[in-house]
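A.B. asks: Spelled out, the chains give:
Protein chains: 4
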Amino acid sequence: MIRTDLAMERREMHPQEIPGVRSHEITVGDARIIRIEIETEEGAQALQKPAGQYITIELPALNELGAFSEDVLVSIKNEISRLLPREGLILTCGLGNTQITPDALGPKTASYILATRHIAGDFAQTLGLSSLRPAAVIAPGVLGQTGIETGEILAGIVQKVGPAAVIVVDALASRRIERLGKTVQISNTGIVPGAGVGNHRQEISEAVLGVPVISIGVPTVVDAATLASDLAGRDIVSQGEPMMVTPRDIDTLIEHAARLISHSINCALHPDMPPEDLLTLAG
Amino acid sequence: MIRTDLAMERREMHPQEIPGVRSHEITVGDARIIRIEIETEEGAQALQKPAGQYITIELPALNELGAFSEDVLVSIKNEISRLLPREGLILTCGLGNTQITPDALGPKTASYILATRHIAGDFAQTLGLSSLRPAAVIAPGVLGQTGIETGEILAGIVQKVGPAAVIVVDALASRRIERLGKTVQISNTGIVPGAGVGNHRQEISEAVLGVPVISIGVPTVVDAATLASDLAGRDIVSQGEPMMVTPRDIDTLIEHAARLISHSINCALHPDMPPEDLLTLAG
Amino acid sequence: MIRTDLAMERREMHPQEIPGVRSHEITVGDARIIRIEIETEEGAQALQKPAGQYITIELPALNELGAFSEDVLVSIKNEISRLLPREGLILTCGLGNTQITPDALGPKTASYILATRHIAGDFAQTLGLSSLRPAAVIAPGVLGQTGIETGEILAGIVQKVGPAAVIVVDALASRRIERLGKTVQISNTGIVPGAGVGNHRQEISEAVLGVPVISIGVPTVVDAATLASDLAGRDIVSQGEPMMVTPRDIDTLIEHAARLISHSINCALHPDMPPEDLLTLAG
Amino acid sequence: MIRTDLAMERREMHPQEIPGVRSHEITVGDARIIRIEIETEEGAQALQKPAGQYITIELPALNELGAFSEDVLVSIKNEISRLLPREGLILTCGLGNTQITPDALGPKTASYILATRHIAGDFAQTLGLSSLRPAAVIAPGVLGQTGIETGEILAGIVQKVGPAAVIVVDALASRRIERLGKTVQISNTGIVPGAGVGNHRQEISEAVLGVPVISIGVPTVVDAATLASDLAGRDIVSQGEPMMVTPRDIDTLIEHAARLISHSINCALHPDMPPEDLLTLAG
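Chains as they are written, first to last, in the numbering used here: chain A, 1 to 283; chain B, 284 to 566; chain C, 567 to 849; chain D, 850 to 1132.
Hints listed in this document are in silico derivations from the structure and should not be mistaken for laboratory results.
Do not take every clue at face value.
[Claimed, not checked] Simulated crosslink set (EDC-like; lysine to aspartate or glutamate; CA at most 16 Å straight-line):
{"hint": "1", "chain 1": "C", "residue 1": "LYS643", "chain 2": "C", "residue 2": "GLU842"}
{"hint": "2", "chain 1": "B", "residue 1": "LYS465", "chain 2": "B", "residue 2": "ASP313"}
{"hint": "3", "chain 1": "A", "residue 1": "LYS160", "chain 2": "B", "residue 2": "GLU435"}
{"hint": "4", "chain 1": "A", "residue 1": "LYS182", "chain 2": "A", "residue 2": "GLU255"}
{"hint": "5", "chain 1": "B", "residue 1": "LYS465", "chain 2": "B", "residue 2": "ASP354"}
{"hint": "6", "chain 1": "A", "residue 1": "LYS182", "chain 2": "A", "residue 2": "ASP249"}
{"hint": "7", "chain 1": "C", "residue 1": "LYS726", "chain 2": "D", "residue 2": "GLU1001"}
{"hint": "8", "chain 1": "B", "residue 1": "LYS443", "chain 2": "A", "residue 2": "GLU152"}
{"hint": "9", "chain 1": "D", "residue 1": "LYS1009", "chain 2": "C", "residue 2": "GLU718"}
{"hint": "10", "chain 1": "A", "residue 1": "LYS77", "chain 2": "A", "residue 2": "ASP272"}
{"hint": "11", "chain 1": "C", "residue 1": "LYS748", "chain 2": "C", "residue 2": "ASP815"}
{"hint": "12", "chain 1": "A", "residue 1": "LYS182", "chain 2": "A", "residue 2": "ASP71"}
[As the list claims (entries may be wrong)] Chain B stretches covered by chain A per the calculated footprint, using a threshold of three residues with CB under 8 Å from any CB of chain A:
{"hint": "13", "stretch": "437 to 448"}
{"hint": "14", "stretch": "484 to 495"}
{"hint": "15", "stretch": "552 to 564"}
Note that beta-carbon positions come from the ideal geometry of N, C-alpha and C, so glycine has one too.
The following block holds chain A by itself, in its conformation from the complex:
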């Protein structure tokens, strides 16, 4: 019983072809991009993921200055752009809990997204642009803090502001410890928060919200028993409650990933602005 939120890790468990699942892989500079498309219910059952597109970008190691390469940024930005509608308000929602470091990817990413919905006209003028795409951002907290399912909060806000699409950002669980912080999964199938850590919450998807939902995630935790099974090469069953673990340098990992994802989203939303200016504005 392997815990993972990554479609590519589910795909790897099947050495043979799977009916209803197509996948192919390309390399852009030092980034590796794996596209998996689940086309049928049969494929969905085989991979235990809803039908739709899953794009995984494997990041190379950070360079000697501790930064990601231009290739990585451009690849992620392009994948997001492909899934976004051309026009209209985009609402980004950072899922997770700021008080649990490995779960803080969503809120931290949200804190670096440029909100423009309330200033799109004026601010565009200040920057010398004819217009600026309206963007809104929310980090609603988690059920344990709020007493409310995140899906309910988000549905309430979507009804009020009517976005063209929603982007949800969340921390994921991976099967392999070496993928933590090194992999970005982008999908058009929505998300079930907490699924990877065995704490299933209300689904957040187009079916529920009524607008397209693009989910972006980075694995930040791995199940201790899954980790041991992989290192041992055979199934190890953990006694007692499952325990999710995370690397010792999780703070840096989260900061880097939040910077990378937020910058990619900002660039995808505002292709006319110089990326350096977006970086400066994001703080």
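Keeping the supplied structure of chain A fixed, place chains B, C and D upon it in accordance with the hints.
C.D. replies: Then chains B, C and D, alone, in the frame of chain A:
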């Protein structure tokens, strides 16, 4: 032109009686409680505040251990209890920006409120109680971060979860520097976020949300020109933009106030639980 | 090759008696206390730890309010008191990096220690005591941040302030994931920072500083290969660099442990003050 | 009785020439630089500051992206370079308290300084440089936290590591609210921590440490009575304790100033490295 969010400071500016405004004052231990009721539109115009009840609790100095007295806690709890409906879900909303220390009172208070809506039954049993009042909490951020008026976000959530009442917690502006962190204002008139700092946002009130709104605030900033006018004993007009200032020890002030307000709300919502247990659970 | 900083885990690896090593175990309420004394060089080699006393306190689970029991607090306080000199200045040093959550135990503990060296007389009077033991606190950061070995910084400060003893607090590595945050090791042998994570730094000990050094640690990380070996029941060799992992709820674990250790130290240093007052003063 | 740490504000109080004090002013792009040299004891008494050089750089407003101009950075870097010895270890010391936002300038600046003393050789090679100047960094906390005068801690460390010079970074008090966060003072006279807020601590200077001390400060607080006096145009005496105030946006002000000062120091220490690389490495 005096900037203040406190009804009692507006009242103090009028030496004589004001038609449509009643006020009286009591002392409970070392806490001083001033009740002001604005009963008519005439009174509302005189005080430049909507009609309704305003209760101000003046806190004594912290004791030698740096803590508030029992009298203060009980007084605030009682005032909140009087305004709350007897039964049903209470949604607490922490207004403000976690990244601006003097504006972080709302979100910080929210982080110490016990959310029970999702666990009311089970958790009551664990604690040996027959039931636990459902409570939900939200800290939606501010317009500059989200691109969405806080009132819109809150209205969307209220529609989804249907609370019996909403408590909003916000940082206020005071006329006098010595009141910062030393005064609690509780009101049943709702709130206009940012009014005190000259940045009026959409009103949050029963008229807008359709359920009673109890607002709780503590002054954390003072307008520099207002401060100078008071110290000088005559009107001083500031050139350029108004500048709001805050004491050097604002971090401690916010932490103390957030602990005090959150504990008072938790005690008002769960009168059957020992206050020490509520303190421990709030973290 | 098992990574652990706990003497009791080294002891457990030897089913038989070890010459030069004595150990016995007692139970105080719900706390289990294991004392190991390494008396000879032979014993030191067998356990790969310097000769001296190692006291391990195994904590029971937190209670339903998320707090530690009185038994645990009293047990830790008593063990610290036994190792401390009766009089004179005590300098507490929080080792570790505030920016790496699992490494932040030392600095976080230090932030809750009451510094009294500069106010011992006045403050005692305010509190109605005849005197207050002088205490000083420092959190010097780590080599990667400062460019200076922590041992050098500490030696420089010890020369200036001349303490009767030094207490060092540090995060440790454990062999078993279930011990993380659940075990306190107290020792009179000093410490080699980073030893458990394979990053040996200059020793901090009586030999180096010239005054007794009491070290207090709580395991917060486990080596992924060690974890896998234990779960698998056989040796698993990790390829590439060793990776230290930590539980997903590491923030809570660190906060609880820092509160527990700091309160135990404060109580051991100021036995005449009511523990509740020490808690309030520590903020 | 005007509270200020800025030599230029003391100079401004004297309309006429002062014997033993020379000053002149230049403009570099959008930065204004005022140099004051106190040459005699008479001059020192007139300005209530020790004899030596005081360079004040007045910053223009941030640009529309919220960033400082290149002129500002280069001006500050050049002034620091002029005062530094050509070779040898530089120890930067961030004075102040991380838990009081307006006092956190020093520690926050320190957290962005690149420490190279322990890796100068290896790291230079990784970066393709023949050598890298050794730099060390410390943020020792304040007397209230540690129980030890910062000057004692620093003296102990200086004895151990033997720097060629020490840079101390501290938050200052200004007379005018509009200078907060907009002025940098660089001096070769050392510093008396807390002088501006009426809380004099042990001097940190070449006389005490035995090596040159360059102090860099930015005003972050203003005395409420001084502020009122200036706005009123006549002396206002505050009753009770003096109260230092700070702008509402103090968090942003501190973050910007810490980035500016740390980057200027990093550039002054490592003139052969591209400034963009230093920015990336500083995190």
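A.B. asks: Next step is simple, just say for each hint if it's right about the structure.
C.D. replies: We went through each hint and held it up to the structure:
no.	hint	result
1	C/LYS643 to C/GLU842	holds, 14 Å
2	B/LYS465 to B/ASP313	holds, 12 Å
3	A/LYS160 to B/GLU435	holds, 7 Å
4	A/LYS182 to A/GLU255	holds, 13 Å
5	B/LYS465 to B/ASP354	holds, 14 Å
6	A/LYS182 to A/ASP249	holds, 13 Å
7	C/LYS726 to D/GLU1001	holds, 6 Å
8	B/LYS443 to A/GLU152	holds, 7 Å
9	D/LYS1009 to C/GLU718	holds, 7 Å
10	A/LYS77 to A/ASP272	holds, 13 Å
11	C/LYS748 to C/ASP815	holds, 13 Å
12	A/LYS182 to A/ASP71	holds, 14 Å
13	437 to 448	holds (count 7)
14	484 to 495	violated (count 0)
15	552 to 564	violated (count 0)
Going through the hint list in order, the structure does not satisfy hints 14, 15.
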